[in-house]
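Undergrad: Chain residues, written in single-letter form:
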Amino acid sequence: MAKQLTSEALPVDLPGVKRTRKKTKDTDNLTGYLFILPFLVGFIALTVFPVAMSLYLSFTDYDMLGQANWIGLENYQRMLTDDNKFLQSVKVTFFYVLTAVPFRLIFALAVALLLAKVMVMKGLYRTLLYLPSVIGGSVAISVMWRQLFGNEGALNSILAQLGIPTVSWLGDPAYAIWTLILLYGWQFGSSMLIFLAGLKNIPNSYYEAAQVDGANAWHRFIKITIPLLTPIILFNVIMQLIQGFMAFTPSYIIFGDGRPLNSTLLYVLYMFQRAFTFFDMGYASAMAWMLLLVIGIFTALIFKSSSYWVHYESEGDK
Amino acid sequence: MAIKRKTWQLIAQQLLLIVLTFVMLYPLLWMTVSSFKDNSTIFTTAHSLVPNKLNFDSYVEGWKGFGGITFTTFFKNSFIITILSTIGSVLSSTLIAYGFARIKFSGKQIWFVCMMITMMLPYEIIMVPQYIMFNWFGWVNTYWPLILPTFFGTPFFIFLIMQFIRTIPHEIDEAAKIDGCSKFMIFSRIIMPLIVPAMMTSAIFSFYWRWDDFMGPLLYLNQPQLYPVSLGLKMFSDPDSITNWSALFAMSTVSILPVFIIFFMFQRYIVEGISTSGLKG
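Taken in order, these protein sequences are the chains called A and B.
Under full-length UniProt numbering, the first residue of the first sequence is numbered 1, with each subsequent residue one higher.
Under full-length UniProt numbering, the first residue of the second sequence is numbered 1, with each subsequent residue one higher.
Certain hints may be false.
Chain A is nowhere near these chain B residues, computed Cβ spacing over 10 Å in every case [as the list claims (entries may be wrong)]:
1) K53
2) N55
3) I96
4) G99
5) L219
6) M251
Below, computed lysine to aspartate or glutamate pairings styled on EDC-like, alpha-carbon distance capped at 16 Å [claimed, not checked]:
7) K104/B with D173/B
8) K234/B with D28/A
9) K108/B with D28/A
10) K223/A with D213/A
11) K177/B with D82/A
12) K223/A with E208/A
13) K104/B with D257/A
Distance windows between CB atoms, simulated [what the hints assert, rightly or not]:
14) Q225/B with S305/A: 33 to 41 Å
15) P165/A with D238/B: 28 to 36 Å
16) Y76/A with F264/B: 25 to 33 Å
Just so you know, these hints were derived from the structure itself, not from any lab.
All figures in this text were calculated on a predicted structure; none of them were measured in a lab.
Using N, Cα and C, we set each Cβ at its ideal position, and we do this for glycine too.
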């Protein structure tokens with residue numbers, strides 16, 4: 001994504017990026033700053049200041065009542081060595097993210113590939129399949145999901161009808177997290193739309209040329225579709241990863257406090273509990289920084305690895 | 001023979017898509033149908049998509065809400081929060097986008113990078129210090145924490161609108177400048193009317209993000225008469241107290257109705273917005 005940004009999408013002049021438009025000398029600092037003033041105020045008051053405060057608080061024992069006492073790295077130490085619930089939430093979250101994100105993306109890609117070929121009623125399918133993505137984050141859907149997988153819910157009712165023993169989907173620690181993964185996968189629509197847009201940009205002539213050369217459908221998929229989609233896959237993976245780590249509402253509504261046996265205790269849910277049930281603001285701030293660190297590492301690793309697997313046409317590897 | 005094979009392929013594709021779409025929409029259909037079932041049959045034929053009768057009592061009962069506060073209050077609150085924050089977010093984002101896209105000023109690159117970083121920074125990271133801050137201001141149990149931040153622009157929308165402004169030829173600006181227009185006049189008379197589609201897309205996204213927002217109200221509001229629909233429904237659905245299941249389905253259905261309506265009215269904008277900017281849904 002970064003490469004795309006600097007070469008074409010970046011609307012400001014960066015050093016080293018050639019602009020085709022001739023530079024006119026009409027720098028207007030006052031007007032410029034007036035237009036972006038709302039951003040500046042918000043950025044400083046609602047981003048920079050809270051981020052700095054969060055960093056400071058993470059080294060204190062602030063609890064909303066007393067003074068914030070400096071305790072050094074104690075919060076971080078406690079987190080890593082003396083908090084089983086924290087370790088459990090890390091485990092749950094990694095499992096959730098590493099399962100739900102690939103599940104959603106692979107499904108989205110598969111449906112996009114199918115939809116790209118369809119001529120009849122394409123728009124209708126696209127709209128209807130995107131719908132879960134639009135409303136999936138709402139409380140109503142989480143409430144519905146709880147009933148769907150409940151002991152007397154629709155799924156068990158179907159199983160019973162088919163003569164298959166019913167399962168306590170929400171009550172069994174082995175299954176509970178899967179209901180959240182399914183809910184995440186169900187909202188594959190926006191990824192699907194981004195893939196569809198990417199598929200549309202692949203010139204048909206490539207496929208025709210490949211067909212002339214005798215490549216079968218599988219080869220065309222592996223050698224043309226996938227390589228040309230890699231920039232979009234990269235973008236989707238990063239966006240979905242961040243979104244996955246932040247998952248909160250569904251687990252909060254469906255399971256409340258991480259039931260059963262903390263098997264659905266996602267990271268942000270535990271951070272929320274620490275902050276707003278126990279008012280352990282210092283510890284919660286330390287958790288936020290830990291999360292930011294992990295997301296930063298993941299994103300950096302993916303970007304680093306991208307030079308091996310992401311194909312940019314503009315570089316033209318012949 | 002070749003044509004025949006192609007026809008079969010088309011039919012197979014259509015069948016596959018019909019089944020897929022049905023399975024994907026089943027939960028929504030099921031929720032809606034269940035809201036019409038009456039409480040005695042809701043679990044005996046749980047998966048069925050055919051209600052035994054059309055029972056609207058669930059809507060009447062559900063609308064009464066809890067603790068004497070009806071869903072009228074929750075809907076009113078949701079509309080206040082959603083509409084004000086959408087106006088704030090779209091207007092400020094448009095101004096900022098124009099500043100970044102069309103005006104040269106020193107330090108622009110740095111601020112633009114700051115904006116992109118803000119776009120990637122999840123809200124959850126700053127939720128604790130922001131809460132402490134708004135708590136100092138005495139803004140807990142007011143709508144300020146939910147509405148005010150939107151007036152400082154939303155990075156996603158700024159980026160989306162900037163992309164749109166970039167497609168407008170510079171010659172238009174220059175012609176207007178020669179005619180004596182100031183930067184602000186170029187913005188309000190020339191650029192604004194041309195970027196209405198991008199503003200619409202932002203407004204639609206803002207509407208349904210704000211409508212669905214749960215964490216914000218959960219943090220800042222703890223008086224039921226202030227709850228928006230999302231939080232009202234959560235309290236209404238409390239598993240320990242709920243007994244009227246069809247009413248719960250009814251209110252769940254009603255709560256996403258505004259998003260539904262907006263989506264089907266403006267889905268063209270949404271689909272294009274996502275496809276062109278990679279905006280999350």
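Undergrad: Is the straight-line distance between the alpha-carbon of K104/B and that of D173/B 16 Å or less?
TA: holds, 13 Å
Undergrad: When you look at the beta carbon of G99/B, is every beta carbon of chain A farther off than 10 Å?
TA: The claim is violated: G99/B sits with its nearest Cβ about 3 Å from chain A, within 10 Å.
Undergrad: Closest CB-CB distance from L219/B to chain A, is it above 10 Å?
TA: Given a closest Cβ separation of 7 Å, the condition is violated.
Undergrad: With a cut-off of 16 Å on the C-alpha distance, tell me whether K223/A and E208/A pass.
TA: Given pair K223/A, E208/A holds - Cα atoms ~13 Å apart, limit 16 Å.
Undergrad: Does the structure keep K234/B and D28/A at a Cα separation of 16 Å or less?
TA: violated, 50 Å
Undergrad: Taking the closest pair, is the beta carbon of I96/B still more than 10 Å from chain A?
TA: violated, 5 Å
Undergrad: Please verify that the nearest CB of chain A lies beyond 10 Å from N55/B's CB.
TA: Nearest chain A Cβ is 17 Å from N55/B, so the label holds.
Undergrad: Does D257/A lie within 16 Å of K104/B when you go C-alpha to C-alpha?
TA: violated, 51 Å
Undergrad: Need the status of pair K177/B, D82/A: alpha-carbon distance at most 16 Å?
TA: violated, 66 Å
Undergrad: Quick one, are K223/A and D213/A close enough, alpha carbons at most 16 Å?
TA: holds, 13 Å
Undergrad: Falls inside 33 to 41 Å, the C-beta gap from Q225/B to S305/A?
TA: violated, 52 Å
Undergrad: Beyond 10 Å from every chain A Cβ: check whether that's true for K53/B.
TA: The assertion about K53/B holds, with a minimum of 19 Å to chain A.
Hints 3, 4, 5, 6, 8, 11, 13, 14 and 16 from the earlier list are contradicted by this structure; the remaining hints agree with it.
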